[in-house]
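Protein chains in written order, with the numbering used here: chain L, 1 to 569; chain U, 1001 to 1595.
These are calculated hints, taken from the structure and not from any lab test.
Note that the coordinates shown come from a computational prediction; the quantities given were computed from them, not determined experimentally.
Hints are supplied without guarantee of correctness; some may be wrong.
Here are the simulated PhoX-like pairs of lysine-lysine, each with C-alpha atoms no more than 20 Å apart in a straight line [stated by the list, open to error]: (1) Lys-209(L) <-> Lys-1244(U); (2) Lys-1133(U) <-> Lys-1396(U); (3) Lys-426(L) <-> Lys-1244(U); (4) Lys-457(L) <-> Lys-1244(U).
Reference excerpt, derived from the structure (chain L facing chain U, CB under 8 Å, subset only) [unchecked claim]: (5) Leu-23; (6) Leu-24; (7) Tyr-37; (8) Ser-59; (9) Gly-68; (10) Trp-71; (11) Leu-108; (12) Arg-202; (13) Thr-218; (14) Gly-255; (15) Glu-259; (16) Lys-297; (17) Met-412; (18) Phe-456; (19) Cys-553; (20) Gly-554.
Heads up, the beta-carbon is just placed ideally off N, CA and C, and yes, glycines get one too.
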Amino acid sequence: MPHKGKIALATLLMAVSAVCNLLLPTMMSDILDRGFYGAAEGNTFPYIVKTTLWMLAISTVSFGSVVGGYWIVYHVLADYTCDLRQMIFDKVHTMTLEEVGRLGTSNLVTRITHDVGNLNWVVSMICGNLIIIPLMFLGGVLLCMRKDVMLSLVILLAVPVVIAAVLLMSKRMTGLWEVSDKYCDRQNDLVRERLRGIRVIRAFDRETKSHERISDATRVMSDNIIRANIHMSIVDPLACFVLNLAALLVVFLGGVRIERGSGLTAGDIFAVIQYIGIILSSILSVSFAIIMLPHVKVAARRICEVTDSKATDDEQTSNGRTFSGGIELRNLSFAYPGARENALRDLNLTILPGQKVSVIGGTGSGKSTLVSLLMGFRKPTGGQILFDGVDSAECSPQDIRANISCSLQKAMIFSGTIADNLRMGKPDATDEELWDALELAQLADFVREQKAGLDFKLTQAGTNISGGQKQRLAIARAALRDAPIYIFDDSFSALDFLTEAKVRGSINRRTQGRTQIVVTQRVVSAMHSDLIVVLSDGAVVGLGRHEDLLRDCGIYREIFHSQTGGGAE
Amino acid sequence: MSVKKKQTQTKEKKRLFDRNTRRLIRSMKPIRGWLTLSAMLCAVLIGCAVAAPQILGDLIDRLYADTKSGSDQIVAHLLPGLGVLLALYALNAVVTYGNSYLLNTVVTRFYTAGLRVRLSEKLGKLPVSYMDKTPFGDVIDRMMDDVGSMSSIVYNLIEVLMTGFLQMLVIAVFLFFEDWHLALVVVVLSPLSVFLSGKLASLSEKYWHKHFNLGGELFALAEESFTNYPVTKAFNRENAMKEKYAKLNRTHQQNGIAANFLSAIVQPAIVFVDALAYIVIALVGGWLITKHGVPIGTVVTVILFARQMSTPLERIAFGLGESQQVKAASKRVFDLLDLPEEPDAAGEAPKPVKGHVEFDKVCFSYDPEKPLIRNLTMDVQPGQKIAIVGPTGAGKTTIVNLLMRFYDIQSGEIRIDGRNTAEMSRSEARKLFAMVLQETWLFKGTVAENVAYGCPDATREQIVEACESAYCDRFIRALPDGYDTVISEDSTNISSGQKQLLTIARALLADRSLLILDEATSNVDTRTELLLQKAMDRLMGGRTSFVIAHRLSTIVNADTILVIRDGQIVEQGKHRDLLARRGFYYELFTSQYRI
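Same shape as in the complex, but just chain L (with noise of 0.2 Å):
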């Protein structure tokens, strides 16, 4: 709580506003009184004159305090949630990539914003209010009281019921938004999913069942928001009848005080009724926030988790290591959390500074899972990793991942320049430095036929370019990087054969001497290997060069008979 004394500040500007705003209704009560029904008895109007001057004054002290308690509250409240939402990204980004993936990126992403956004909202709906209606209420009451104690009591009879019944309904709308909020994403699913199979639907002439499903599921939500939108209309109606009826009962019994001589006037209950009506309407104003209270605790709680995981890359010091390229892989098994199987099972191999390897094997064998123990983003569950003979244990992920640059499986693209994408690779790298590697991509000559050149504007995920250029481009961003080990992860599947051959050639002459690996399920990129990995249901079953394997290795031999139909041996 850093902001306690704003806070504070806040509060109190907001209660004297809310003061003035109760002594409002006892002047004009005053006003009626003593100068009006006074009028008969002498010239009340100097008296009237005065009253409304005061009246001037405390409203402006009002008008005053409540916009400096708004203006503290804002920022306050900024403060509050820009902090938090820097937080959820901060402590994201030194998390395991294990636990974002657990966390799940969009569930992150509606954290970050959806759920920050609600709490902000409520909070901000609550801060100028909620301080106003237990003021508003205690003051009215005792106000209430300085003129009649009984009429007092309606007050303090009425208020509760009402704020009761809009707590209950409160509790009664989580269930119902829940549901409302399901069939909604149920909707959203489903027309998302007819986008995306537009194709097979219409090959299949299946728009009209398509158009059903979309329809019966807006039907259901429909009826649904009705259901929660009616509950919730009750509120309204029913804390206005219970205090107008609250009005009522002040002007009945007010009427018996005065019959039996208490010496309340009627200004008195015409004051009386004012606050009713101030309360009510402050009241109202916070209701819809008091029902989205629940919707609050669900958001609040959602931000907690991603706020408490533990699960964050361990900060090991960096202290700038270079390797030379040299990686053994001693016993090494991981088994991913929850699984009955390793993923990979005691794997040996010892790679030599500049030597080129190729890891090849079918969907599920363990290559992409390899690659992220290779690169720290995941611990091993079971032996060694050695680079230049140190435990990958000993080196911070920093230092391991500072060394070996490496393109991912997944092509990912950033929103921005196609330099800015290359400059992740190498903040400080030059223009030349960049076209070098685009070159080396083969993607220079579609940079070149842009006009923005280096400028060009990729949109979000790079929905502008192709699957090819992406992967080219996410190519050219690791070779941009001067490293002593290259990985190279199933990076060329999108590409044809003469594209990638070329991209091959370049990136073997670009990464002389150095260590490079590359993942595929291309027989044909692996081949030429200096050592050739054969993964198979995360165990090594073959190691050599290509001639060995295809003599030794059933499997091997089997993947590039079925790949190449035998035409190149």
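Let chain L serve as the given structure and place chain U on it in line with the hints.
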């Protein structure tokens, strides 16, 4: 000349704007009966709102009079008025609830849902090119959020705007009946608060607009950094990302302060101006009472009314502001509804079909400035297996788009058994083909429903048979609920290779005469591919098939290989002949073995 052009442009814009508003109002036609009823209920509410303070004022007056005269009948005098008020308040509560019940039900069910259904219907009639061009999020946004805001205008129009105007009018008239001096004060002062709140609102609107836009950017940045997190990590760029986010986050929040603050002080500002009005009325009232002997009750009633006057004015201001937003939303919805629909012919497909496919001087391009397919001519005999190869971007998938009539050719003809496909209805033409695409698409439903997608009447036996032929029966049986397991595009309980097998089973069951396989084995590992190959050979038996593939094993056995480059067939023939020719195919084929 350019000035003139600009003028006509703005004129057009203005007219378009009005057209949209008119259309928005017209779109409420189906529920106009209910809206009229709701308007009547609102009139009742206004009646209550006007009558109640009047009676309350009288009661207070009576109290004063009785107090002064020392009457012993005070309570008795109050009772009739209290009774009427009780009835009015009860009526008010019941009608308020009834009205929101009515509006909610009618608007949501017949308007919101109705519009969404219409949009969904429209989606079915739009060309594939629209879906290819438009981000899905945009379409969904129009269907959900924009329609949602359009419905809010219906509430606003009835509840806010109409009620507001009526209430204001009635109150003003009443006030003038009470006392014209005081009425004048109210009529002059009340709009002041509206003016003030309007000014503040429009001031804050600018900040809100910016705040929303920045919010969108912030959202996109968070989404992007979380999605691309592995890259950030791989390049040790976490701190750079944090800084980037922090910068945008700050700007976003700074704008938020101004927007929130300006919006928040609208209400206190109105209260303040109301208080001013109060004070002036008290002064004028006091002057009238003391100097001119106007009855006190009149002044009390006016004070109570003045309080009521600001409510409808606030409502009107709010409603007008809101309707600006709604105009933007409804334009987006109407734009979607107005998009040109795909024209369709009525002709039937040849039955039974032999599978003789001819391309006759076909020309096509997605972008008129970049011609893609020019004068493509080919003749495919029934039962032939045609492989299409070529570098990325050569137009292979385009041929699928044209065969399936997802896109229409610009000139030339595609004939099946001698009949021009452009003269058949699209659904007839499509029914000739079964199709397996690289992008497996499954809808949320059971495995059996998905396999039977092209043939909804298939029995369970037929489904199982198709799955057995596509080698997926075994893994389906291993699923928790077998054929009744619910799967979807995002489901992780089956692998991408298995999804592809399911799409092959789907094509098998559909049993169409012609077949299209577009990179159908791309997600599959080698072992599964061997199975798939068998399944596909079975699928292709006797059918005219078009196969697009990266993997050469699928290509070498084709009857004819078409080599496409820049939208043209540059070579065609059998694998061995093409290799012997040492042309482009040879280059493509051997390039894979180069270092």
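Results for each hint:
no., hint, verdict
1, Lys-209(L) <-> Lys-1244(U), "violated (46 Å)"
2, Lys-1133(U) <-> Lys-1396(U), "holds (19 Å)"
3, Lys-426(L) <-> Lys-1244(U), "holds (17 Å)"
4, Lys-457(L) <-> Lys-1244(U), "holds (18 Å)"
5, Leu-23, "violated (11 Å)"
6, Leu-24, "holds (6 Å)"
7, Tyr-37, "holds (6 Å)"
8, Ser-59, "holds (4 Å)"
9, Gly-68, "violated (10 Å)"
10, Trp-71, "holds (6 Å)"
11, Leu-108, "holds (5 Å)"
12, Arg-202, "holds (6 Å)"
13, Thr-218, "holds (5 Å)"
14, Gly-255, "holds (4 Å)"
15, Glu-259, "holds (4 Å)"
16, Lys-297, "violated (22 Å)"
17, Met-412, "holds (4 Å)"
18, Phe-456, "violated (17 Å)"
19, Cys-553, "violated (13 Å)"
20, Gly-554, "violated (12 Å)"
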